[in-house]
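Colleague: Given only the sequences and the hints, what does the whole structure look like? Please build it.
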Amino acid sequence: MKLLAWLKREPVLAAAWALALISAIFVPPDAAYVDYLDTRTLALLFCLMAVMAALQGAGLFHRAGEWLLRRTGTSRQLEAALIFLCFFASMLVTNDVALITFVPFALEALGMAGLTRRAIPVVTMQTIAANLGSMATPIGNPQNLYLYSRYHLGAGTFFTVTLPYVALSALLLALFVILQKPRPIQAPAFSGGLSYGKARFGVQAALFALCLCAVARVLNVWIAVAAVLVGMLLADRRALLRVDYALLFTFAGFFVFIGNLGRMEAFSDFLRGVLAGREVPVSIAASQVLSNVPAALLLSGFTEDAVSLVIGTNLGGLGTLIASMASLISFKRISLALPEARGRYLAYFTLANLAFLAALCALWWILR
Numbered sequence: 001m002k003l004l005a006w007l008k009r010e011p012v013l014a015a016a017w018a019l020a021l022i023s024a025i026f027v028p029p030d031a032a033y034v035d036y037l038d039t040r041t042l043a044l045l046f047c048l049m050a051v052m053a054a055l056q057g058a059g060l061f062h063r064a065g066e067w068l069l070r071r072t073g074t075s076r077q078l079e080a081a082l083i084f085l086c087f088f089a090s091m092l093v094t095n096d097v098a099l100i101t102f103v104p105f106a107l108e109a110l111g112m113a114g115l116t117r118r119a120i121p122v123v124t125m126q127t128i129a130a131n132l133g134s135m136a137t138p139i140g141n142p143q144n145l146y147l148y149s150r151y152h153l154g155a156g157t158f159f160t161v162t163l164p165y166v167a168l169s170a171l172l173l174a175l176f177v178i179l180q181k182p183r184p185i186q187a188p189a190f191s192g193g194l195s196y197g198k199a200r201f202g203v204q205a206a207l208f209a210l211c212l213c214a215v216a217r218v219l220n221v222w223i224a225v226a227a228v229l230v231g232m233l234l235a236d237r238r239a240l241l242r243v244d245y246a247l248l249f250t251f252a253g254f255f256v257f258i259g260n261l262g263r264m265e266a267f268s269d270f271l272r273g274v275l276a277g278r279e280v281p282v283s284i285a286a287s288q289v290l291s292n293v294p295a296a297l298l299l300s301g302f303t304e305d306a307v308s309l310v311i312g313t314n315l316g317g318l319g320t321l322i323a324s325m326a327s328l329i330s331f332k333r334i335s336l337a338l339p340e341a342r343g344r345y346l347a348y349f350t351l352a353n354l355a356f357l358a359a360l361c362a363l364w365w366i367l368r
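Counting along the sequence shown from 1, when you hit position 103 you're at 103 in UniProt numbering, and nothing is skipped either side.
No wet-lab data here; the hints were simulated from the structure. Worth double-checking, as some hints may not be accurate.
Unchecked claim - Distance condition first, Cα-Cα at most 30 angstroms in a straight line; then the derived DSS-like pairs of lysine-lysine:
| # | residue 1 | residue 2 |
| --- | --- | --- |
| 1 | LYS8 | LYS332 |
| 2 | LYS332 | LYS181 |
| 3 | LYS2 | LYS332 |
Modeller: The following block contains the structure:
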């Protein structure tokens, strides 16, 4: 019963392994299954999630947000700070961590400033900001990390591809803020400090630097894994319990499914034919139904056009509520804080996402 309850909370994980098991009927397990797993990507994900869990638990991101909000004097400045916190933080700490940290923070800050009525547009824009800001770096979201590792992309290539979309996203978010009427407010007051001492914080900062070196292939990934495990055991064992292991097992399930599909010649040829020359629109469409991380995992098995997959799966995070699983974090927070506003939030969220998606697709059409 506990297993069933857990799987209900992790529908993407359940779907990944259901597909893996079904595909195993047609491709019985053998020694080749071992080669399906992209262990480098799984190891990098584990390292980054462990370090982010430790830094988040220490209150680092919350304190950074407080420092910024103390410098706001109008409602427009407050909204800009809350939205761009997510935009820039997601580039380093992933879109999920940015939203887990700053959406509750925003709801609290807006309430203190007497601006609860602005929760729906602000949280919507925070979500869009996190999803699009995370496009900027290889570690910004799971699909970027996977595609960067899977296709051995260089940093120069990656940034050349993503920065035009990130720049337009920043301009659109800034336009949203500028169009809001500024009202004087008293900056929200918070209390509390970091739960880490300087030494423990230094350990986590060093581990994060090692993770970045491993992503850049300057350091062997297994050295990074060993360092993170030892560092966490010494500095913050509980952070290891906060790692999203469900995401790691979801990746593993999709790796098995994709590996088996690749050995089913008829289906493999069909999917390659559908994708050929249409990687961006197909990955955007697939993301609306599967969400962008599973879409990246699935489609990467049938095309070598890494650049188009990076663009398509990142733009594909806009649209439906499940296009990016990170968007569900915001929806759950709004549902808890303002249950009567769920319907209005979903309507506003969908319209805003479609508007951003249309603008970014237009940019892709111009640049292609």
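Colleague: Verify the proposed pairing of LYS332 with LYS181, using a straight-line Cα cut of 30 angstroms.
Modeller: Given that 30 angstroms is the threshold and the Cα spacing comes to 28 angstroms, the pair holds.
Colleague: With a cut-off of 30 angstroms on the C-alpha distance, tell me whether LYS8 and LYS332 pass.
Modeller: holds (15 angstroms)
Colleague: Can you confirm whether the C-alpha distance between LYS2 and LYS332 stays at or below 30 angstroms?
Modeller: holds (22 angstroms)
In the structure shown, no violation is registered for any of the earlier numbered hints.
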